[in-house]
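Chains as they are written, first to last, in our numbering: chain Y, 1 to 349; chain H, 350 to 594; chain G, 595 to 994.
It is worth saying that the hints were derived from the structure and are not from the lab.
Do not take every clue at face value.
[Stated by the list, open to error] Between beta-carbon pairs, the in silico distance windows are:
#  : chain 1 : residue 1 : chain 2 : residue 2 : range
1  : G       : 983       : H       : 508       : 54 to 60 Å
2  : Y       : 212       : G       : 626       : 41 to 47 Å
3  : G       : 798       : H       : 389       : 42 to 48 Å
4  : G       : 960       : H       : 507       : 31 to 37 Å
5  : Y       : 345       : G       : 653       : 32 to 38 Å
6  : Y       : 99        : G       : 759       : 42 to 48 Å
7  : H       : 512       : G       : 802       : 51 to 57 Å
8  : G       : 633       : H       : 540       : 29 to 35 Å
9  : G       : 648       : Y       : 275       : 25 to 31 Å
10 : G       : 759       : H       : 593       : 25 to 31 Å
Backbone N, C-alpha and C fix where the C-beta goes; we use that ideal spot for every residue, glycine too.
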Amino acid sequence: MSETVVVIGGGPAGIEAARAIADLGLRSVLVEQRERLGGTPIFANYAALTPYFEDAEAAMDGMIAALSERQLAEVRTQTTVTELAGEAGAFTVTLSDGEQIEAGAVIVATGFDHFDPGRERQIYNYYQYPDVLTLQDLEAQLKTHQVVVPSTGKPPERICWVQCVGSRDRNIGNEWCSKVCCGIASKQAIEVRQLVPGSRAYIFYIDMRMYGYWETQLYWPAQEQHHVQYIKGIITEVLERGERLIVRGEDTTMGRPLEVPMDMVVLSVGMEPSAGTKTMTDVLGVEPNRYGFIEVAKPPLDTVSTSRPGVFACGAALGPADLEDTISSAGAAASKAAALVRRASLTAA
Amino acid sequence: MSATANITPVHADSAAYKLGTTYPDVPYEEKERLFAEIKADDRFSDYLYGCYECGICVAACPSARYYDFSPRRVAQAAAREDVELIYQQMQEDIWECSQCFSCLRCPRGNNPGGIITVMREVAVNNGLESARQALRGYTRIIYKIMSTGTQVSPDMLQADAFPDWGPSVAMVSEKLELWRRALPPDTHHTTTTGWEISTKTLVELYLIWHKTGALNMISELDPSLHSLLEEVMEDLLDEEGYELD
Amino acid sequence: MTIPVEKVAGPGRKNKAAFEWTDEHAPEDFHERLFELEDKGELVVQRISGDYIEVPVKYGRTKKVPIGHTWHHKSCGQCGHIPGYSTSIFWVNRKLGIEYEDPRDQTSCTAWNYYASATSNAAAQASVAVRNFAAAYESGRFPIIHCGTSFGHYKEVRHELLAHDHLREEVRRVMDALGKPLVLPEEMVHYSEWFHAMRLEIASRQVRDFSGISVTVHPACHYYKLVEGDAIYDPEVYGGQRTAIVSEVAQALGAEVRDYSTWFDCCGFGFRHILVQRDFTRSFATQRKIRRMKEEADPDVTLTHDTGCVTTLDKSQFAAKAQDPSFATIPVMSEAQFAALAMGAHPYLVCQLHWHAADYKPLLEKMGIDHERAWAQFEEATARLERGEQQYLTWEDADV
Numbered sequence: 001m002s003e004t005v006v007v008i009g010g011g012p013a014g015i016e017a018a019r020a021i022a023d024l025g026l027r028s029v030l031v032e033q034r035e036r037l038g039g040t041p042i043f044a045n046y047a048a049l050t051p052y053f054e055d056a057e058a059a060m061d062g063m064i065a066a067l068s069e070r071q072l073a074e075v076r077t078q079t080t081v082t083e084l085a086g087e088a089g090a091f092t093v094t095l096s097d098g099e100q101i102e103a104g105a106v107i108v109a110t111g112f113d114h115f116d117p118g119r120e121r122q123i124y125n126y127y128q129y130p131d132v133l134t135l136q137d138l139e140a141q142l143k144t145h146q147v148v149v150p151s152t153g154k155p156p157e158r159i160c161w162v163q164c165v166g167s168r169d170r171n172i173g174n175e176w177c178s179k180v181c182c183g184i185a186s187k188q189a190i191e192v193r194q195l196v197p198g199s200r201a202y203i204f205y206i207d208m209r210m211y212g213y214w215e216t217q218l219y220w221p222a223q224e225q226h227h228v229q230y231i232k233g234i235i236t237e238v239l240e241r242g243e244r245l246i247v248r249g250e251d252t253t254m255g256r257p258l259e260v261p262m263d264m265v266v267l268s269v270g271m272e273p274s275a276g277t278k279t280m281t282d283v284l285g286v287e288p289n290r291y292g293f294i295e296v297a298k299p300p301l302d303t304v305s306t307s308r309p310g311v312f313a314c315g316a317a318l319g320p321a322d323l324e325d326t327i328s329s330a331g332a333a334a335s336k337a338a339a340l341v342r343r344a345s346l347t348a349a
Numbered sequence: 350m351s352a353t354a355n356i357t358p359v360h361a362d363s364a365a366y367k368l369g370t371t372y373p374d375v376p377y378e379e380k381e382r383l384f385a386e387i388k389a390d391d392r393f394s395d396y397l398y399g400c401y402e403c404g405i406c407v408a409a410c411p412s413a414r415y416y417d418f419s420p421r422r423v424a425q426a427a428a429r430e431d432v433e434l435i436y437q438q439m440q441e442d443i444w445e446c447s448q449c450f451s452c453l454r455c456p457r458g459n460n461p462g463g464i465i466t467v468m469r470e471v472a473v474n475n476g477l478e479s480a481r482q483a484l485r486g487y488t489r490i491i492y493k494i495m496s497t498g499t500q501v502s503p504d505m506l507q508a509d510a511f512p513d514w515g516p517s518v519a520m521v522s523e524k525l526e527l528w529r530r531a532l533p534p535d536t537h538h539t540t541t542t543g544w545e546i547s548t549k550t551l552v553e554l555y556l557i558w559h560k561t562g563a564l565n566m567i568s569e570l571d572p573s574l575h576s577l578l579e580e581v582m583e584d585l586l587d588e589e590g591y592e593l594d
Numbered sequence: 595m596t597i598p599v600e601k602v603a604g605p606g607r608k609n610k611a612a613f614e615w616t617d618e619h620a621p622e623d624f625h626e627r628l629f630e631l632e633d634k635g636e637l638v639v640q641r642i643s644g645d646y647i648e649v650p651v652k653y654g655r656t657k658k659v660p661i662g663h664t665w666h667h668k669s670c671g672q673c674g675h676i677p678g679y680s681t682s683i684f685w686v687n688r689k690l691g692i693e694y695e696d697p698r699d700q701t702s703c704t705a706w707n708y709y710a711s712a713t714s715n716a717a718a719q720a721s722v723a724v725r726n727f728a729a730a731y732e733s734g735r736f737p738i739i740h741c742g743t744s745f746g747h748y749k750e751v752r753h754e755l756l757a758h759d760h761l762r763e764e765v766r767r768v769m770d771a772l773g774k775p776l777v778l779p780e781e782m783v784h785y786s787e788w789f790h791a792m793r794l795e796i797a798s799r800q801v802r803d804f805s806g807i808s809v810t811v812h813p814a815c816h817y818y819k820l821v822e823g824d825a826i827y828d829p830e831v832y833g834g835q836r837t838a839i840v841s842e843v844a845q846a847l848g849a850e851v852r853d854y855s856t857w858f859d860c861c862g863f864g865f866r867h868i869l870v871q872r873d874f875t876r877s878f879a880t881q882r883k884i885r886r887m888k889e890e891a892d893p894d895v896t897l898t899h900d901t902g903c904v905t906t907l908d909k910s911q912f913a914a915k916a917q918d919p920s921f922a923t924i925p926v927m928s929e930a931q932f933a934a935l936a937m938g939a940h941p942y943l944v945c946q947l948h949w950h951a952a953d954y955k956p957l958l959e960k961m962g963i964d965h966e967r968a969w970a971q972f973e974e975a976t977a978r979l980e981r982g983e984q985q986y987l988t989w990e991d992a993d994v
């Protein structure tokens with residue numbers, strides 16, 4: 001019986017789970033396909049995290065440092081899992097470099113991908129106009145502490161966010177709400193208003209999803225201190241007129257069509273199951289849910305067990321999640337995985 | 350379900366969509382019945398899911414730019430089953446829709462234009478005066494299709510019918526017969542139809558309208574047109590050896 | 595402002611890669627249900643029997659477009675009011691040596707009436723469609739549809755017939771009474787898709803130089819806004835983010851395609867409005883389309899591929915100019931007429947431009963066409979008709 005847990009995916013969920021396993025006295029092996037740990041916050045150039053505004057890179061580096069201090073935690077970068085054999089308590093995990101690891105449990109933390117606006121049915125012209133960005137494109141700019149209109153290099157006078165891009169849409173097939181984009185857009189709007197005090201910021205939305213404390217951490221300050229304008233009515237077209245973009249929507253509160261110029265348009269793209277998640281559901285033999293995220297076997301009171309006993313999932317591999325959800329579910333997965341391994345050892349002994 | 354069910358009626362000149370009814374003389378049961386007819390249509394469940402009021406349909410809609418018209422309000426009223434509001438829309442709004450289906454950008458998969466199509470059919474089938482008004486001047490097209498098998502014909506291009514289209518209309522009209530004979534495709538030498546259609550085909554079209562109940566709709570809209578058509582088609586049916594059952 | 599019809603790339607777009615559809619993101623393909631019903635004996639599917647070209651459509655799929663041996667489903671508005679449109683379609687087919695039928699057993703699709711007045715119902719509309727498809731099927735030729743409204747409506751009808759058993763039964767009863775089978779073609783093909791598929795062939799026969807001609811494109815709502823999967827989307831054109839129809843033909847003919855901010859707007863036809871409430875149609879067409887095209891792109895001509903759109907954009911401009919002499923008009927025509935002109939067609943004997951309202955003469959001049967001489971030729975030909983030397987002008991007469 002093995003006292004090892006293999007964790008797949010080296011983003012915040014995977015790092016948290018791997019460290020927690022080590023802290024619980026078991027060996028964890030964190031397998032990451034890219035050349036370094038950090039996951040989406042690093043590779044998508046996140047600047048400040050929502051809702052506390054801490055630096056994403058610093059936060060991830062901190063997590064990675066904490067992990068490396070644990071003797072029991074091992075890391076394999078530029079590696080993937082290619083096969084899973086055995087059963088709960090006695091798995092054999094095969095890696096892409098041929099290494100085989102005996103593990104008592106497996107935790108999947110393969111995260112999410114950002115929705116590609118090329119599949120959008122509204123007319124956002126992301127691939128045509130340089131001044132239409134996604135959330136992560138703007139994060140990359142925010143990381144440099146400079147926000148500029150890509151086509152002119154000048155700071156924006158008018159910037160807007162369009163919510164729910166690639167989410168809540170029956171025709172695209174992504175029917176879910178991606179949970180974090182309302183908060184992230186508000187966070188970004190606050191940052192832009194701080195960096196470019198002369199700018200006017202608008203957020204076009206269907207609903208403002210401001211769970212719990214986000215209401216007062218993000219929504220009220222955005223409106224009250226930073227004068228971000230929230231307009232209920234989603235933009236349907238982003239077009240070019242002369243040198244500028246114009247956006248078209250309905251101002252539903254006022255009950256009239258809206259067509260206004262913007263210097264930059266930021267698409268609040270949703271979360272989709274990542275390519276890694278889709279591959280792993282196959283390799284590990286766990287059921288995906290109807291959206292391609294990993295199915296939780298016994299909701300709502302068990303949030304991390306998959307359809308295959310001994311395999312747990314956490315973070316955005318399960319569905320849209322914010323950072324706090326991710327850290328919490330990673331902890332839950334670690335505790336269940338560790339408990340299973342302990343029980344298995346005890347029975348074996 | 351309607352919030353307006355037990356409220357005292359207000360005057361018809363009050364602002365649209367205030368609580369209360371703008372058609373106090375029409376019994377509530379009648380409005381319910383009309384909505385039930387709309388809802389019973391096979392297509393209704395394809396056309397209406399939920400509405401989260403995003404406004405995309407209005408933003409994309411050409412009619413919303415020029416009229417006080419909103420596909421969003423149509424979808425909302427239908428979803429709420431607000432029979433008062435739906436009746437009002439049937440009387441006042443539905444004929445403003447351009448039937449362009451730009452509203453199919455709806456992320457929920459709703460089809461407000463399609464809902465309106467069904468509402469229009471119900472309005473015509475039930476002889477609503479507003480439907481008659483909206484289609485006044487239009488019935489010549491119906492006569493044209495039924496009697497010729499094409500919806501428009503060259504002889505409809507007359508200067509007094511289309512004064513705003515410019516002098517080309519008058520020119521065409523003046524030279525019509527000659528200019529039609531100048532067209533190379535041999536089905537295009539017609540003036541009273543778009544193209545030459547065989548009598549048998551014409552009769553088949555008439556039979557389709559008869560069997561599917563579309564002819565009855567015409568009699569609701571314009572009874573004299575309907576009898577005229579029946580007369581005209583009787584002979585043709587005879588010629589082609591068909592009998593109306 | 596020119597549009598980048600090549601794949602979008604460049605320094606401003608560092609974070610963006612090109613976009614590609616994968617199968618997993620495509621919605622259900624109607625063919626599955628169509629062939630399923632065929633297997634059950636519920637309907638007959640007419641297949642394309644001759645040569646065809648595969649064109650890219652939405653979601654990374656492809657669609658077959660038959661080259662010849664076609665049954666041309668004509669358009670009321672074209673044949674009635676814009677006869678140069680249908681004449682050009684036939685002329686180009688003939689020039690390419692394509693065998694086709696111009697049927698007399700075809701009715702109007704009746705969709706203009708349906709969208710205008712709703713004086714019909716789902717069963718009537720479906721029966722009209724199926725009757726036409728049966729006529730094509732019985733002729734052994736594959737239907738190709740001239741009008742954008744017909745095309746859009748028939749796609750809707752197909753969708754309803756595949757989804758509602760009830761409706762299919764009713765239509766079957768009607769077809770039985772007419773002695774016809776319940777047929778659906780395996781693809782709904784619009785004539786503009788044929789022009790798209792054949793554009794290189796057409797361009798190889800081009801005799802007039804269009805390199806100095808600038809064009810704006812107006813895509814028909816009913817072509818791409820409903821039952822979207824059938825429409826042509828090409829990753830090489832607009833990065834596959836807009837339908838490539840008409841644009842790619844114009845480009846193949848050497849014209850410069852220009853963008854404008856109301857590209858996705860309806861023309862304002864309205865079906866009912868253009869007949870009995872034209873203030874809306876002409877306001878919309880002139881203010882939202884023509885004026886914007888002029889201000890932002892200043893094209894020599896605007897091309898579209900639907901009867902209603904040509905009618906609306908062409909006929910609405912007179913009133914605007916009468917009200918405001920500074921209103922600059924733009925000539926309007928179908929890409930079929932444009933392609934025919936490129937191949938050397940006579941502007942009057944073939945393209946029938948004298949039926950159009952907005953001034954097209956500057957365009958003809960730019961194309962190197964002596965329109966006064968052309969008009970003289972037309973008048974000479976019609977004089978022969980007036981003198982009774984001929985009853986009708988023929989295809990040979992049109993190639994003077």
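Here's how the hints hold up against the structure:
no. : hint                          : in the structure
1   : 983(G) <-> 508(H): 54 to 60 Å : 30 Å, violated
2   : 212(Y) <-> 626(G): 41 to 47 Å : 45 Å, holds
3   : 798(G) <-> 389(H): 42 to 48 Å : 56 Å, violated
4   : 960(G) <-> 507(H): 31 to 37 Å : 33 Å, holds
5   : 345(Y) <-> 653(G): 32 to 38 Å : 51 Å, violated
6   : 99(Y) <-> 759(G): 42 to 48 Å  : 57 Å, violated
7   : 512(H) <-> 802(G): 51 to 57 Å : 35 Å, violated
8   : 633(G) <-> 540(H): 29 to 35 Å : 47 Å, violated
9   : 648(G) <-> 275(Y): 25 to 31 Å : 29 Å, holds
10  : 759(G) <-> 593(H): 25 to 31 Å : 27 Å, holds
When each numbered hint is compared with the structure, violations occur for hints 1, 3, 5, 6, 7, 8.
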